[in-house]
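S.K.: Below are the chains, spelled out letter by letter.
Number of protein chains: 4
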Amino acid sequence: MRTLIRGGEVVTAADRYAADVLVEDERIAVIGRDLGSSSLAQGAELIDAAGKLVIPGGIDVHVHMELPFMGTHSIDDFESGSVAAICGGTTTLVDFVIPKRGDGLLDTLETWNQRHHGKPAVDYTYHMAVTWWSQQIHDEIPKVVERGITSFKVFMAYKGVLQLDDDELFQTLLRVREVGGLVTVHAVNGDVQNRMAERFAAAGQLTPHYHPLAQPPEAEGEAAGRVIDLAAIAKQPVYIVHTTCAEALGRVIAARRRGQEAYSETCPQYLLLDDSLYDLPGFEGAKYVLSPPLRKPADQAALWQGLADGSVATVGTDHCSFKFAGQKEMGREDFRKIPNGFNGIEERVNLLYSFGVRPGRISASRWVEVCATNPAKIFGLYPRKGTIAVGSDADLVVFDPHRHDLISARTHHSRSDYNVYEGLKLEGMADTVLLRGRIVYQGGQYCGGKGGGQFLKRSPL
Amino acid sequence: MRTLIRGGEVVTAADRYAADVLVEDERIAVIGRDLGSSSLAQGAELIDAAGKLVIPGGIDVHVHMELPFMGTHSIDDFESGSVAAICGGTTTLVDFVIPKRGDGLLDTLETWNQRHHGKPAVDYTYHMAVTWWSQQIHDEIPKVVERGITSFKVFMAYKGVLQLDDDELFQTLLRVREVGGLVTVHAVNGDVQNRMAERFAAAGQLTPHYHPLAQPPEAEGEAAGRVIDLAAIAKQPVYIVHTTCAEALGRVIAARRRGQEAYSETCPQYLLLDDSLYDLPGFEGAKYVLSPPLRKPADQAALWQGLADGSVATVGTDHCSFKFAGQKEMGREDFRKIPNGFNGIEERVNLLYSFGVRPGRISASRWVEVCATNPAKIFGLYPRKGTIAVGSDADLVVFDPHRHDLISARTHHSRSDYNVYEGLKLEGMADTVLLRGRIVYQGGQYCGGKGGGQFLKRSPL
Amino acid sequence: MRTLIRGGEVVTAADRYAADVLVEDERIAVIGRDLGSSSLAQGAELIDAAGKLVIPGGIDVHVHMELPFMGTHSIDDFESGSVAAICGGTTTLVDFVIPKRGDGLLDTLETWNQRHHGKPAVDYTYHMAVTWWSQQIHDEIPKVVERGITSFKVFMAYKGVLQLDDDELFQTLLRVREVGGLVTVHAVNGDVQNRMAERFAAAGQLTPHYHPLAQPPEAEGEAAGRVIDLAAIAKQPVYIVHTTCAEALGRVIAARRRGQEAYSETCPQYLLLDDSLYDLPGFEGAKYVLSPPLRKPADQAALWQGLADGSVATVGTDHCSFKFAGQKEMGREDFRKIPNGFNGIEERVNLLYSFGVRPGRISASRWVEVCATNPAKIFGLYPRKGTIAVGSDADLVVFDPHRHDLISARTHHSRSDYNVYEGLKLEGMADTVLLRGRIVYQGGQYCGGKGGGQFLKRSPL
Amino acid sequence: MRTLIRGGEVVTAADRYAADVLVEDERIAVIGRDLGSSSLAQGAELIDAAGKLVIPGGIDVHVHMELPFMGTHSIDDFESGSVAAICGGTTTLVDFVIPKRGDGLLDTLETWNQRHHGKPAVDYTYHMAVTWWSQQIHDEIPKVVERGITSFKVFMAYKGVLQLDDDELFQTLLRVREVGGLVTVHAVNGDVQNRMAERFAAAGQLTPHYHPLAQPPEAEGEAAGRVIDLAAIAKQPVYIVHTTCAEALGRVIAARRRGQEAYSETCPQYLLLDDSLYDLPGFEGAKYVLSPPLRKPADQAALWQGLADGSVATVGTDHCSFKFAGQKEMGREDFRKIPNGFNGIEERVNLLYSFGVRPGRISASRWVEVCATNPAKIFGLYPRKGTIAVGSDADLVVFDPHRHDLISARTHHSRSDYNVYEGLKLEGMADTVLLRGRIVYQGGQYCGGKGGGQFLKRSPL
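Order-wise, the sequence lines are chains A, B, C and D.
Under my numbering, think of the first position of the first sequence as 5, with each following residue one higher.
Under my numbering, think of the first position of the second sequence as 5, with each following residue one higher.
Under my numbering, think of the first position of the third sequence as 5, with each following residue one higher.
Under my numbering, think of the first position of the fourth sequence as 5, with each following residue one higher.
The reader is advised that the hints may include incorrect statements.
Any copy, or any two copies together, can satisfy a pair, since identical chains are not distinguished.
[As the list claims (entries may be wrong)] Quick list of in silico lysine-lysine cross-link-like pairs, DSBU-like style, CA-CA up to 35 angstroms: (1) Lys239 x Lys429; (2) Lys239 x Lys341; (3) Lys123 x Lys454; (4) Lys300 x Lys461; (5) Lys239 x Lys454; (6) Lys123 x Lys239; (7) Lys147 x Lys300; (8) Lys163 x Lys104; (9) Lys239 x Lys327; (10) Lys327 x Lys300; (11) Lys461 x Lys104; (12) Lys239 x Lys300; (13) Lys123 x Lys300.
These aren't lab readings, by the way, just hints derived from the structure by calculation.
Quick caveat: nothing in here was measured; it's all calculated off a predicted structure.
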């Protein structure tokens, strides 16, 4: 099977040039000028990319599909999540396997596999969370790596549920080092967060207004700094997920300047939304509750600067959607019971173009780098994923810089009943999307069918 | 009772000038030129200070007298400790009351009072350690302040014994804030230290060589940074005891630049000794085992620079002496069992002059400031203690810049059988010492009698 | 002659305590409790300081008296300037001798001496400006030091008039090092300033609005950084006058952290006024024209933080007053012709108390330190001046923290017809002032007579 | 004409993947798998790249061909220089047109064109130096840009010859901004350098030992900081050539963190050689004389760290070769007369691989980025030059990571009689080189003929 994407402008993390891209079966076979007339392209299906950009399919390394969390499940499973991702130009997702304290890694992986069975329509892999420590966990870590899962997730917050203490954290770093894996970190001081939330609650301060106040930027900067120091002692790279503020980013920058391998991920919400939303009238603020919380405009500026200068390595979403009705409402009397999270999987690539590339904050190559290439490189998916190169999977997005639309819950593909970016204008949108050579989005319609995604087995770093 | 100190050069944290100092009863009454002939000085006992400096009595805010620790007691009690202090120009000590987990603050204070009863020959007060958390601790904290003890000590290391977790630490900061007290911190990540020590032990690496490796500078910098961040959130000042390295000092400097009230204490051993001593032949290295450990020459340089530029606020000693014979030897098979600590109470003021002022690293005023004035100001003893001012306690040292001697265990006043500064040459030594107007050291002899020290009741800040 | 200042609270750079101060002839003789009844105080004139602070007389190391500048003279000469200074609690001034290009240092010193002859009613000394370079200048520098003038001033701005190029600047640093002097620096890049001003002028942008835009903070930070680097190469201390902004202060902080001897002076106007004043209606903005210009509120915050944490060493005024009528008006058509400068000599000590000590931004000791002690120490006047110590000159201010008033040109002692601080409320004011034991201000009246000031001969550092 | 590079691994600044590269005429036409059998490759000449890397031809943006300098000419003209470049994997050079003070830009360009006429065998362009300022220079700058030269060079050193004062520098920045060009800077404080050199000379200190001492790192850091500040005011990007030390690199890093567009170039000699070479016996040190001078090992480490983390943008060479015999010897009696400069054009790409990529200091992609892609992007040659992309010039290097050799003057292609890298072992070397599709180096032999290079006309940025 052959497909020829003709007349577009190829954008990679380094380059931007006019070329046709010929796909054979699942891979990129040839990149060249005017390939239409060559024997190679004989019989190929044609996609007209004139006036458009051809970019690698987005990789969202931070999503939660159908996650059991806070007494409910996140509303998007791998079925709706895959469709949303693809419609927004993302072709690979990385979900989190999260064992309960006391549960084994492999057993929980099995649970996750069963829950998601037959649903992913994108290619996918997992981060394996370490939420407690024991000889069993120690012994299972290499077995997880054998199953192709090489990245591990630890939480410094969610006390009593997911949070590791420093000894557990340090042991995880040491053990993951032995197996050539990478540790990713939710870096907020959970003891502080918990205590502050309790104090607010004790004082009857229970509205969404108090949600961000219980996790001040210092509590995030502290935790980021701590795990970076522990990783330095363990001589192990570390990846800070969802960086929201100057305090946390500053620690990553300082570590990198010392030559330490530390990465910072941010998310579109931290670049585009701010904490004034928690003060919306009524219970509207609950829609924006996630952890870490939205911050100040000055933090947005610091993150944009970090995106531009390379300090921020990737943009994920932490997509973990809930309905307002019935789910977010669970916390109407107590912000601590509002399920944390919201959408982003569909909007990420388009938003970063519209609000990053178009106004000149970042170049198109940097956009591709943070949305696809760096995620692939850091997490061991490269060069199979994350770039447009001969031999790579033909996960391709024909991106139309002239297509525009307003984001809305009325049209999005998430199952949630609202969208935090409601009303934002996209200027530039994914137009056609290929997953391993197959057209899965075209003409504004998802056309990928059901369950066509593959699990991506990764090798130790 | 009157005493006239005649002809000396008065040195305070700001000033240096020739003047006589007239003491009436326990206090400084008059400072002036040629007071000998005035009516005020009639009948006064004369001390000739010609060619000498007159400085405030040293205040050592970090000592452990007769401390039950690691299965033994530190060898100097308040009797020998007081004599050593006074002979070295120090007239006020601050000891630590350290409850066991589960014990109350007030009960333990009572235990301490009984243990020390009748022994202190210097004026003294306590820091109250918080080593666990409960409603009882919460409730006792204001009662401790009522008893005149306004500084609290927390440990981020010594896991399972003294170490607080972040929640306990944060609650302590919040509670101490309410009572106007100050929190002092042993800042090393105890989880990391413990884990690394266990790993060394498991590998049979049990000599003193491994003692510093289990507490790398990053583990100290991390903890200092953490408690500074927690203190920032709690809006509470914080005082880092025994800072040993650039990593930890850097956090204090950064906090101060942000306008946060954070203090760094260092000790003579971190300025003058380094970690090569742990590799002395045989078991000699055990003599130098303390926590945090001795560091590298580059760290010494950073601390001297901090002393000079004001980043380091005070110099204490962490005096916690043990005999080599019978005590340090307990760890011959395992560095983890070597009692941590050694001498310094007698040497501090003299060493800082000989190795700080004399070679021009710090001025005489800065020496007075870090040895007496800042300790008094930070811990609420000022202006009663810590300076030469009218109305202040006549705790005075006539310091002879020309007196010299070699430090030696043969002549020191500690009960330990060795001295970590053995053989170092002092150039400049305390010559005569007054405690509240009474001569307690003169002619190379302690003459203060027994038990003349007073408990110093302090007020909330 | 004896004077007893009774019942006040003595404040020095380090201490604060209740004591009487006995003055004999020109010096401080005795500091003590209840000296009134002693033989020492017999026959002494009494000054009641109950409820008041007793502080050392202020030292303003940055004033221009009767300066020929921009086609006119600054309106206050040493007569009116001395009165203004004393009425505001300042007893020592340091003026600038500024040779024209081609003029010798000694000849110009003579000119200055003649101009000021008989006028100073405060004690005073000079900084000697180096405004060009030649063998003559090289040879005269040691002779200037012999005459007791040990500080030199260089300008990096005022191109073609006062500005040195880097070679001249570097030679000055090297030469002053040889004679043990100190170099003080007007640090703004004059080439940039000149070029930008010309470009504004060429575009018809001639109102005071453009005055600060021609000297952006980067042009000041650049110059401060440059002279600090040159001083590092020359191994010579350096003192940056009138620091206005974070950019320049940051360079001084970085240098000090490297162990370099670099000082920053700021002035009350940079702490209290901002550049919005240049946009006052009409030509009002001209009143606030000085160089470097007023900056932004964020810069004020950085300077206050520097005052608090010790990064800023001194507060001078750059007092260089002009009348609005006839003088400032010279630049009505062209901001470049507005004489640069305004008042401050009378307001400095009171303002720093009212807006620094009272709201808790700095302590009383720090206020004394930046207004008197540090200036004296840095410029070789200490311990004769700058502190309250036995043997020091009895330059004393009885400061009443409860006296208040509104600043106004109607009541000030400058000859200018306006006051940049008009309407600001002082809460705390100098009440009685002594110069070398003589009362020169009391009961709201200057009573020092004419010309009683002495030239202060200084020794090399 | 077609050429197929078969079986190699393509490396770009972002990617690394196995692919054939098909060249048609002068450009890259197709990149694909197994193109050998396709109709596209019919009749193509084959180059076997199995086991080898295929990288873009190197771009050396800092070379001096046949430069009249210090009373002589640099020994390599564009003929020998082109051969050396190509044999070392470099296919584009950027030379400097350097007018004498008083000479026009266009006239001097004409002189340069005549001197080089017919000689370049690589593609090339010029930086235009601005060495003085006048209306003529102002007016000619846009005309230079019209001729396709969009980068300008200024010198902050070489006083009286090339050095601009700050006003000239600032005007250049402002003017170049208007035409959309880039300013590159030799950043050393020439006044300091000159003065220090004179002082050494006056003291009879005339050996090469004193050459680096006259340009201490602070003099370089100062100048870099200064031009960065001036560029910030002028809102103009700036490129610091031949960064040698932590002091200068630190300024670029700080500027980039503020969001300023500032670039740092370093050279192989600053990464691999150090200032101990100036102390070689006899006059050997003269061989290593260049400006700025070689620095300390700690500076090398800072530069390698900067290369790895992206702070250093490019690696040029400052190739400016002289013979030892007859040229370097001109300074035997006075280091100031030693012609500044030496070789590097042939060694750069190979050295960076052997000492950067092979030991793991930088990745292969980063090597390509600093040697080719970034130079092309920064100087407006991209995407025609600097990458492997469809449509780009087929300037290609087949690089053999297994080929090794010792660097030696006996085998190099420079006309100099010595090589500063003599004896260094290359592990990995350029094997086959194509310039616009034509094989110009193969089998260890230059085969490019004479004068086949093109002038590269660039557009404003």
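S.K.: Going through the numbered hints above, which ones does this structure break? Give me the numbers in ascending order.
M.R.: 4, 5, 6, 7, 9 and 13
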